[in-house]
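J.: Make a model of the complete structure from these sequences and hints.
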Amino acid sequence: MLTRAANDDDRRRTTEFERLNFMVPITTFHYLVVAAALFVLGVIGVLTRRNVVIVLMSIELILNAVNLNLVAFSRMWGNLHGQTFAVFIVVDAAAEAAVGLGILIAFFRNKETINVDEIDLLKW
Amino acid sequence: MNSVVNTGAAPVATPFFFYFLAGAAIVSGLLVITRRNAVHSALSLIVTLLSVAGLYLMLYAPFVAGVQIIVYAGGIMVLFLFVIMLVNIERSAKDRQFNRIWPVGLAAACALLSLFVSAFVKGRNLFPDRLVALQESSNTQQIAAMLYGEAGRMGPYTFAFEIASLLLLVAILGAVIMTKKKI
Amino acid sequence: MLNAFMSYLGSTVPPGNADNQLWALIYVLIIFAGVSLAVVAMNWIERKALAHFQIRLGPMRVGPHGLLQPIADALKLMLKEDIIPAQADAVVFWVAPLIGLLAAFTVYTVIPFGPSQAVSDMNIGILFMLGVSSLGVLGIITAGWASNSHYPLIGALRSSAQMVSYEVAMGLAIVSALLMTSLNRTGTGTLSMIGIVEAQQQQGVWFIFKFFPLGLIAFVIFAIAMIAETNRAPFDLPEAESELTAGFHTEYSGLRWSLFMLGEYAAMIAVSSIAVTLWLGGWMRPFPNLLTGSAWDFIFSLFPGLTFAGLAAIAFIGTARMPAQAYFRIQRIGLAVFAALLGLIALLLLAIAVAGRTNDASIAGRFREGIDYVYWFVLKVAVFMYLFIWYRATWPRYRFDQLMRVGWKVMLPISLGVLILTAIVGVLIS
Amino acid sequence: MAEESKPLVPPTPEGEKKPAAEKPAAAPATASPAAPAKPPAPPATAKPAAPAKPTGPVPLPWTSPLVEKYRRQYGSGIDALTYLGQNYLNVDRSLIPDILRLLRDEEQFDYCVDITAVHYPKRERQFDVVWILYSFPRNERLRVKTQIADGASIPSVVSIWPTANWLEREVYDMFGIQFDGHPDLKRILLPDGWKGHPLRKDYGILQQDKEWVQVNLGIESGQ
Amino acid sequence: MKDSMDELSNGAVSHLDLETPEKPYLDANELIINMGPQHPATHGVLRVILKLDGEKVLGTECVIGYLHRGVEKIAENRTYTMFNPYVDRMDYVAAVSNGLGYCEAVEKLLNVEAPPRAQYIRVVLTELNRIASHQLWLGTHALDIGAMTPLFYTFRDREEILKIFERYCGARLTTHAFRIGGCQYETYAGFEKDVKNFLAFFPPKIDEYEALLTSNRIWLERTKNVGVISGKDCIALGVTGPVLRASGVKWDLRKAQPYAAYSKFDFEIPVGENGDTYDRYMVRMIEMRQSLRIIEQAVNGIPEGPIMGKVPKVIKPPVGEIYHSIEAPKGELGYFIVSDGSTQPYRVRVRPPSFVNLQALDIMVRGMLVADVVAVIGTLDIVLGEVDR
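Chains as they are written, first to last, in this note's numbering: chain A, 112 to 235; chain B, 97 to 279; chain C, 282 to 711; chain D, 5 to 227; chain E, 9 to 397.
These are calculated hints, taken from the structure and not from any lab test.
One or more hints might be untrue.
Said to hold, decoys possible - Here are the simulated DSBU-like pairs of lysine-lysine, each with C-alpha atoms no more than 35 Å apart in a straight line:
(1) Lys81/E x Lys126/D
(2) Lys690/C x Lys64/E
(3) Lys171/E x Lys201/E
As the list claims (entries may be wrong) - Cβ pair distances, simulated, as ranges:
(4) Gly222/D x Met359/C: 30 to 36 Å
(5) Glu246/B x Thr573/C: 33 to 39 Å
(6) Ala607/C x Asp274/E: 55 to 61 Å
(7) Leu697/C x Pro195/D: 46 to 52 Å
(8) Asp274/E x Thr86/D: 29 to 35 Å
(9) Glu246/B x Phe490/C: 54 to 60 Å
(10) Leu697/C x Asp215/E: 36 to 42 Å
(11) Ser234/B x Ser223/E: 49 to 55 Å
Stated by the list, open to error - Quick partial rundown of chain A residues pointing at chain B, CB under 8 Å, derived from the structure:
(12) Val154
(13) Val182
(14) Ala204
(15) Asn221
From a predicted model like this one, the values you see are computed outputs, not experimental measurements.
Ideal placement from N, C-alpha and C gives every residue a C-beta, glycine not left out.
T.: This is the structure we're talking about:
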């Protein structure tokens with residue numbers, strides 16, 4: 112009754128938006144552009160910020176960008192390998208955050224700084 | 097559960113939502129790397145993560161979206177906020193925000209950006225312009241099949257999954273050892 | 282219009298899944314209003330029940346038996362001066378209560394009040410719920426930080442540590458219930474909230490009684506963890522007033538403070554709903570497989586009406602027992618009107634039950650069914666709400682290290698053990 | 005030495021006939037006690053010196069092994085008296101730390117009940133400092149008193165009885181008596197910047213540190 | 009850990025270096041928190057400066073005096089009789105005890121004794137007041153630990169005692185029940201009946217409190233091994249009352265140096281073992297029952313006779329000084345009175361139990377958590393009116 116066939120629905124919406132000249136349909140490419148933008152933002156953060164916490168957050172941004180790519184490709188190819196990999200990356204991000212923040216706290220306790228420029232000794 | 101399987105009709109798969117979420121993700125991503133105050137950065141990052149989770153939903157990956165919310169926004173970001181509150185942010189907020197080599201870093205990032213742009217411009221046609229509608233209503237079950245296998249067979253990622261759990265264990269131990277004063 | 286209405290009533294899937302945006306929106310509004318109303322009612326009930334536990338009367342002045350007290354409270358809170366401390370981070374200070382509130386209310390989109398009485402039936406339902414409710418901690422931690430004051434900060438750190446810790450045990454307890462859903466022919470479980478209830482229906486047992494006592498233990502662990510998760514007594518350390526004045530919301534006042542309270546109560550109802558859905562058969566009436574047949578259906582469908590009739594009777598008795606002085610007249614009239622209102626609702630519900638007795642396809646039949654589902658669900662949640670009050674009146678407060686110890690050294694191992702045992706038993710049986 | 009050897013009645017014998025006259029603001033009361041030797045006089049007349057006066061209780065010499073022992077050791081610096089069944093030692097200022105330590109270590113006076121002072125402005129040595137001691141094993145109470153002059157200091161007994169910490173701080177706060185060796189001698193009941201020591205007799209009952217009140221409370225007067 | 013006298017005497021008590029260098033929070037591991045003077049759990053206007061490492065208490069410093077009224081100075085400017093009501097305002101939850109101590113001290117100075125009947129009445133009222141004080145303590149202490157309900161139960165039952173006070177002397181809290189030389193009022197007509205009713209009424213109520221708390225798991229966890237203080241430390245710090253007894257020192261002034269008519273009654277002194285918060289709780293609970301025992305014996309044995317001794321109209325004690333102390337609900341309450349022979353005391357020194365007991369807070373909470381500070385403040389049973397006087 113109220114549930115329409117899938118293709119029907121998609122077509123209806125597409126035409127609607129084309130009539131409004133609102134936007135073109137979203138393709139994988141769109142997602143890739145978003146992911147690339149997030150990736151570059153993350154890289155800028157990692158390379159330029161002094162605050163280690165923000166550097167770590169930028170790394171999270173990068174990982175998210177990668178995840179977005181993977182999931183977009185997963186949809187493109189119609190299988191779930193990409194999504195599965197994204198789950199692995201989330202696991203990795205959790206491990207990285209835990210260890211990174213652990214290092215940060217241990218470091219802060221000794222050196223009282225969280226600036227990357229000042230973390231310049233192998234041993235202290 | 098019931099007969100209606102709406103494979104094609106992603107709940108919110110409209111361009112408007114895509115642009116909204118993408119815009120939110122990128123703007124808050126920008127805020128993450130520019131805010132002086134680390135707590136603001138973290139809050140912006142949460143917005144980014146939630147927007148990306150929304151994008152996952154649009155890509156028929158509800159499980160990844162759920163994991164993104166529960167692990168990233170609910171877990172990792174709480175950890176980040178916790179640490180930010182422990183370390184003295186007042187002082188670091190008054191400090192110089194960018195490191196000495198920031199022009200170099202920015203240049204490198206710009207180079208990377210141009211690489212991406214050129215790759216996308218030149219390689220646009222390489223991507224097949226198709227979007228497959230995935231089975232959303234059994235997404236979790238399918239990912240489970242990938243990770244654990246089904247019907248008695250191991251899945252393609254079962255071994256990797258076990259390794260990942262080991263990685264987490266190592267990370268837990270490492271974090272505990274590093275942060276605890278006396279063990 | 283009527284056709285659309287009928288077709289909706291006839292639908293067996295939630296509006297979100299039926300891709301019916303309008304109905305989904307209406308549902309969201311209904312749930313939002315309903316939850317807000319429930320919070321207001323809960324406020325009154327908690328004050329009254331707590332008062333009676335403590336040999337007091339509780340609110341008696343605003344309206345008959347203090348019935349209008351929540352409204353007076355809400356008005357007061359809205360009119361109260363809204364203070365932002367000078368040193369606070371104004372933006373974050375503003376946003377923090379909203380985060381908690383949004384997280385608490387978003388959860389309701391997947392709570393099934395009936396097989397089709399939900400906004401949406403997500404494939405990842407329970408995962409979504411856990412994730413979104415874990416966002417609530419962000420509101421607390423940002424509130425504590427933004428206040429720029431010691432007590433809120435300690436309260437926020439405490440509460441974030443507490444919530445993160447108990448989420449682990451809670452998650453494991455949930456997983457053991459999820460494992461039970463996979464005990465079917467195909468061997469695939471489900472994360473969908475509706476699917477979980479339906480699995481209980483198929484297996485003919487609430488999961489609390491499944492693999493006795495494994496299901497019960499998992500349920501108890503969840504029931505303890507959910508108190509910790511909502512920062513209620515005896516785990517209310519984040520806002521332990523005797524230690525931290527008011528914890529993370531010490532610096533909050535007026536409307537924003539009331540948003541925190543709204544969020545807290547909404548979260549209480551939400552976690553109770555999870556417990557009901559996972560272990561207590563969700564919307565199902567007692568013994569749906571045992572006492573079958575239309576006669577039993579009819580008998581059980583009388584319960585909503587009878588409940589309201591009982592409430593009306595209590596209100597009428599209260600009216601009759603009011604002192605005869607002249608200055609009680611208005612209160613008396615008010616209580617009588619309230620009782621009459623309850624009585625009317627009771628009559629309406631009974632009429633629907635009677636009218637929908639025969640024909641399941643008619644509007645009345647549909648209504649009767651929906652009312653039944655919602656009634657049993659709400660009744661089960663209400664029991665949890667009462668337990669929340671009871672705990673608060675009875676127990677002292679845990680200390681922080683004890684709380685952590687209970688969370689990590691008692692609840693976590695037990696829930697892990699229950700999970701493993703459930704898996705083993707499940708495999709052995711199938 | 006000379007002063008102490010006299011059998012002291014608390015308000016000291018010589019000089020000040022009338023302590024009541026000293027009370028700055030006790031307006032209504034001053035009249036009647038101004039004549040000390042009036043109707044209820046018997047005790048008052050007992051005051052001047054003599055230990056033996058039949059009317060009214062008076063301090064009597066107190067002998068016990070304890071006293072004998074210390075008297076042998078320290079000579080006349082110790083004066084042991086008993087009044088209404090309560091024993092006290094009048095000890096010379098110079099003997100204070102030793103006597104108190106010995107009382108705890110040897111005589112098991114392990115509980116310092118109270119430390120306080122009394123101000124006699126007319127006297128040369130203006131302050132009586134009083135230690136009230138109790139012995140759990142002996143179930144016995146003992147007061148030790150000494151006289152010091154205004155501005156003079158006295159050794160702290162915190163190292164003997166930790167409880168003396170706050171008690172000495174209160175004495176300092178109220179009388180301005182310095183305790184040498186106290187770990188943290190500062191005001192305890194009054195605010196830190198307060199001027200004056202209220203329990204001295206020259207501090208009127210309506211008197212207050214106006215300046216402090218104006219600066220810290222922003223009001224003209226606390227009255 | 010804190011058994012050594014040396015550590016105590018090295019100024020460990022309440023000597024806190026509050027100047028923290030400009031260091032970040034994690035490194036210094038220290039956080040200074042002000043608890044009070046406006047804080048729900050400090051029972052008045054007590055300010056405790058806490059030095060914390062995370063939640064662990066490194067040290068505390070009490071700042072008191074917010075309620076200082078100069079009672080001792082006032083005494084020097086009032087006659088002996090006029091000063092009597094002032095003592096009620098010190099420990100305002102145990103006003104009868106305060107009055108008893110003061111009256112007995114002045115009587116001693118005058119060398120008179122209250123007649124037996126007055127003494128029995130005094131014992132009844134004082135013990136009732138001890139129960140009332142313990143009830144208030146129990147309610148607030150439980151509230152501090154997070155149990156709301158006992159507060160209301162104890163207040164309900166305390167009301168019965170206050171009613172007896174009200175009928176006896178017209179006041180509920182600051183009773184001013186006794187006069188120098190005896191009692192002002194003869195017992196009212198139903199006094200004995202009221203007291204006996206209370207004797208029957210109250211024991212089940214104690215059971216009720218105990219049902220809520222004594223074997224409650226959370227209560228045990230919150231109180232066992234919290235705020236432990238050894239008997240030796242108690243004595244060194246001058247801590248008296250239930251706190252001392254909970255640490256295993258069997259010492260009660262009612263037995264050790266009986267005053268009023270206490271030597272005539274048969275009662276036990278409860279003693280704890282570990283000196284922790286739970287023992288202090290148990291000691292006070294048993295003390296309530298023992299007080300009931302004393303009241304029972306006293307009210308059954310009230311002799312006939314006058315209620316006022318032979319005290320002159322104008323009280324002019326002979327020159328001399330006296331120290332007299334009684335066992336108040338909170339510990340040893342002493343009065344050191346110096347008389348110069350005039351109608352006004354030359355000096356009145358009050359030895360307040362709360363003040364001295366509060367000193368022990370520091371060593372009791374070192375190494376504990378913030379939540380324990382609250383529990384320990386509650387268990388010390390301080391009344392700021394008495395601490396600050």
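J.: Please go over all the hints and tell whether each is borne out by the structure.
T.: Hint by hint, here is what the structure shows:
In summary, the hint linking lysine 81/E to lysine 126/D is supported, as the alpha carbons are separated by about 19 Å, within the 35 Å threshold. The hinted pair formed by lysine 690/C and lysine 64/E meets the criterion: a straight-line CA distance of about 20 Å does not exceed 35 Å. About 13 Å separates the Cα atoms of lysine 171/E and lysine 201/E, which keeps this hinted pair within 35 Å; it holds. A beta carbon spacing of about 34 Å between glycine 222/D and methionine 359/C agrees with the range 30 to 36 Å that was offered as a hint.
Between glutamate 246/B and threonine 573/C the beta carbon distance is about 35 Å. The supplied range of 33 to 39 Å therefore holds. A C-beta distance of roughly 58 Å is found between alanine 607/C and aspartate 274/E, which places it inside the suggested range of 55 to 61 Å. In this structure the hint that leucine 697/C and proline 195/D lie 46 to 52 Å apart at CB is violated, the actual value being about 58 Å. At about 32 Å, the beta-carbon gap between aspartate 274/E and threonine 86/D stays in the expected band of 29 to 35 Å.
Judged by the Cβ atoms, the range 54 to 60 Å given for glutamate 246/B and phenylalanine 490/C is violated: they are separated by roughly 29 Å. About 41 Å separates the C-beta atoms of leucine 697/C and aspartate 215/E, a value consistent with the hinted range of 36 to 42 Å. Between serine 234/B and serine 223/E the C-beta distance comes to about 52 Å, which sits within the given range of 49 to 55 Å. Because the closest C-beta pair between valine 154/A and chain B is about 5 Å apart, less than 8 Å, the hint holds.
Residue-level restraint check for valine 182/A holds (minimum Cβ-Cβ distance to chain B is 5 Å; threshold 8 Å). A least Cβ separation of about 7 Å between alanine 204/A and chain B falls short of the 8 Å threshold, and the interface hint therefore holds. With a cut of 8 Å, the hint placing asparagine 221/A at the interface with chain B is violated, because the nearest CB-to-CB distance is about 11 Å.
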